[in-house]
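*Asks:* What follows is each chain in one-letter form.
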Amino acid sequence: MKEWVIISGKGGTGKTSIAASLAFLAGRPVICDCDVDAADLHLVLEPDVLEEHEFRSGHEAVIRPDDCNGCGICQDLCRFKAIHEEGRIFSVDPVSCEGCGVCVHFCPQKAIDFPESLCGKWFISETRLGPMVHARLGVAAENSGKLVSTVRQEARKLAEQNGHDLILVDGPPGIGCPVIASVTGASQVLVITEPTVSGKHDLERVLGLTRHFQIPAAVCVNKWDINPEMTEAIEQAAKEAGAAVAGRIRYDRDVTRAQIEKKTVLETNAACGLDILSIWKHLNA
Amino acid sequence: MRLSVASGKGGTGKTTLSANLARIAQHTVVLADCDVEEPNAHLFLKTSDIEEKVVSLPIPKVDEALCDGCGLCSKICQFSAIVTFGTAPLVFPEMCHGCGGCALVCPPKAITEHPRRIGVVEISQAESITLITGRLDVGVAQAPPLIRAVKEAVPPKTDAIFDAPPGTSCPVIAAVRDTDMVLLVTEPTPFGLHDLTLAVDMVRDLQLPFGVVVNRMGSGDRRIQAFCEKQQIPILLEIPDDRRIAEAYSRGILMVDALPEYRSLFEDLWKTIRQSLN
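From first to last, the protein sequence lines are chains A and B. Position in the first sequence (from 1) plus 5 gives the number in my numbering. Position in the second sequence (from 1) plus 123 gives the number in my numbering.
If you are wondering where the hints come from, they were derived from the structure by calculation, not from laboratory data. If you're wondering where the values come from, they're calculated on a predicted model, not measured in any experiment. Fair warning: there could be bad hints in the mix.
[Unchecked claim] Derived lysine to aspartate or glutamate pairs resembling EDC-like cross-links, with alpha carbons at most 16 Å apart:
{"#": "1", "chain 1": "B", "residue 1": "169", "chain 2": "B", "residue 2": "245"}
{"#": "2", "chain 1": "A", "residue 1": "86", "chain 2": "B", "residue 2": "275"}
{"#": "3", "chain 1": "A", "residue 1": "151", "chain 2": "B", "residue 2": "344"}
{"#": "4", "chain 1": "A", "residue 1": "86", "chain 2": "A", "residue 2": "65"}
{"#": "5", "chain 1": "A", "residue 1": "267", "chain 2": "A", "residue 2": "51"}
{"#": "6", "chain 1": "A", "residue 1": "86", "chain 2": "B", "residue 2": "301"}
{"#": "7", "chain 1": "A", "residue 1": "267", "chain 2": "B", "residue 2": "344"}
With these hints in hand, go ahead and build the complete structure from the sequences.
*Replies:* What follows is the structure, encoded as structure tokens:
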């Protein structure tokens with residue numbers, strides 16, 4: 006079973022539009038949306054949700070005011086400045102609390118509860134292009150990396166049960182926690198970039214990450230004709246970093262039109278569909 | 124005045140807005156690049172006098188001669204960063220949040236804390252802009268502590284613009300917290316609107332004043348305007364979809380330098396922001 010992950014470093018380079026198009030070309034792969042804090046793939050694939058699961062992860066400290074004697078030890082020990090005091094009344098700011106439990110353990114009055122946090126939801130759905138595993142991180146919630154790992158695990162289970170040989174993963178931007186959780190152990194990464202100074206800079210960092218985790222990477226420059234010289238420079242840099250060049254996609258306003266019609270680019274007559282087809286062939290070569 | 128610039132969706136123009144706004148300011152301003160995973164603001168400014176500070180997190184080190192294998196360290200650790208198998212514990216530095224719980228709880232005091240580098244904060248000057256950039260080391264997962272270090276490097280009582288990472292989770296929250304106003308940048312597409320609604324939920328949850336900036340106006344439809352009208356959210360600026368802006372951006376040139384006709388957009392935005400904060 007293969008697992009291909011689409012990432013970008015820089016956000017907004019076209020990961021989701023390209024992931025949806027590749028899903029169309031793949032012929033019913035398992036589709037997996039790992040951009041859990043700003044997931045968009047469902048807007049194109051319109052999934053029918055079959056299963057909905059709560060995602061609980063980590064804990065959050067809560068002081069019981071009636072049992073607190075105002076000693077302030079919790080505040081002294083908290084490294085995340087999450088304990089606030091108002092006239093010897095202490096409370097935990099849930100947004101700053103990292104759930105380390107140090108205050109809970111050392112409170113002499115044992116006045117701090119430590120309930121599990123509800124961080125979001127994940128779903129198993131059916132779409133016109135194949136089964137899909139996706140998620141929604143709660144508002145201002147933490148643990149996106151763990152939610153990504155959960156989504157990938159469930160996608161793998163689904164692929165094994167139903168005999169799918171490809172999992173297509175729409176990944177998050179950046180190079181931090183959710184990206185690391187999306188790429189570790191994947192068979193291949195496709196990096197979508199754009200021919201801009203930012204695109205080049207961010208690509209170099211994301212290829213540093215795939216090298217660090219020893220994952221084969223292929224690079225695609227989207228909207229390449231915005232700056233052909235930069236496209237050349239990016240492809241050169243990609244090769245030097247040990248990545249393959251999967252192809253170029255032209256700038257095409259019909260990509261937005263497809264999104265508005267809730268279609269993948271390949272389900273419309275957008276000209277750049279041909280470019281995506283040639284990238285698909287490259288990935289399968 | 125502390126402004127933050129955020130967006131649910133990536134690539135909508137956070138850095139474009141932050142850097143052009145800083146460039147057009149009539150006074151000295153700090154531009155703090157909090158997108159520490161992929162910082163880009165420095166690519167658009169000619170910076171000099173770069174000063175670099177290493178940022179670290181304290182991680183545990185176990186003195187095996189003192190450790191009696193009691194396992195309390197692994198019991199208090201919520202992040203599986205220190206694990207015991209009946210013997211001296213193993214430390215997984217990449218999982219550690221640096222809370223210090225293991226060192227505090229260890230009865231024979233066998234655990235000491237040592238800094239583990241997670242990235243750098245770079246401070247440089249570009250004419251009247253002081254640029255403060257956070258740069259996470261490749262392979263490091265935790266962005267929020269580095270974002271907090273960037274924010275701590277901003278001198279008090281200066282006007283500052285905080286360029287946040289994309290998304291709506293902990294790194295974004297670390298960037299926008301304690302700012303006076305959040306500018307949410309979006310684009311007029313279904314993805315843009317969907318991720319804007321998530322970002323609006325986030326800033327409302329944090330109880331921060333905010334307004335919307337629509338970029339590439341004309342490339343999609345008017346769904347952002349319809350949403351903002353219904354939700355009574357002010358649209359502070361609309362930046363037109365102009366291929367010349369994209370081409371200048373691709374070369375690392377700011378819109379207000381390449382296309383002076385757009386300067387007034389950002390001058391007006393400063394006025395609007397000042398009015399709405401007074």
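*Asks:* For each hint, tell me whether it holds in the structure or not.
*Replies:* Here is how each hint holds up against the structure:
1. B:169 <-> B:245: With a Cα-Cα distance of about 14 Å, the restraint between residue 169 of chain B and residue 245 of chain B holds, given a limit of 16 Å.
2. A:86 <-> B:275: Holds, at roughly 13 Å.
3. A:151 <-> B:344: Violated, because 36 Å separates the two Cα atoms, which is more than 16 Å.
4. A:86 <-> A:65: holds, 14 Å
5. A:267 <-> A:51: It holds: about 8 Å lies between the C-alpha atoms, which stays within 16 Å.
6. A:86 <-> B:301: holds, 13 Å
7. A:267 <-> B:344: OK: residue 267 of chain A and residue 344 of chain B at ~14 Å, within 16 Å.
In summary, the one numbered hint that this structure violates is 3.
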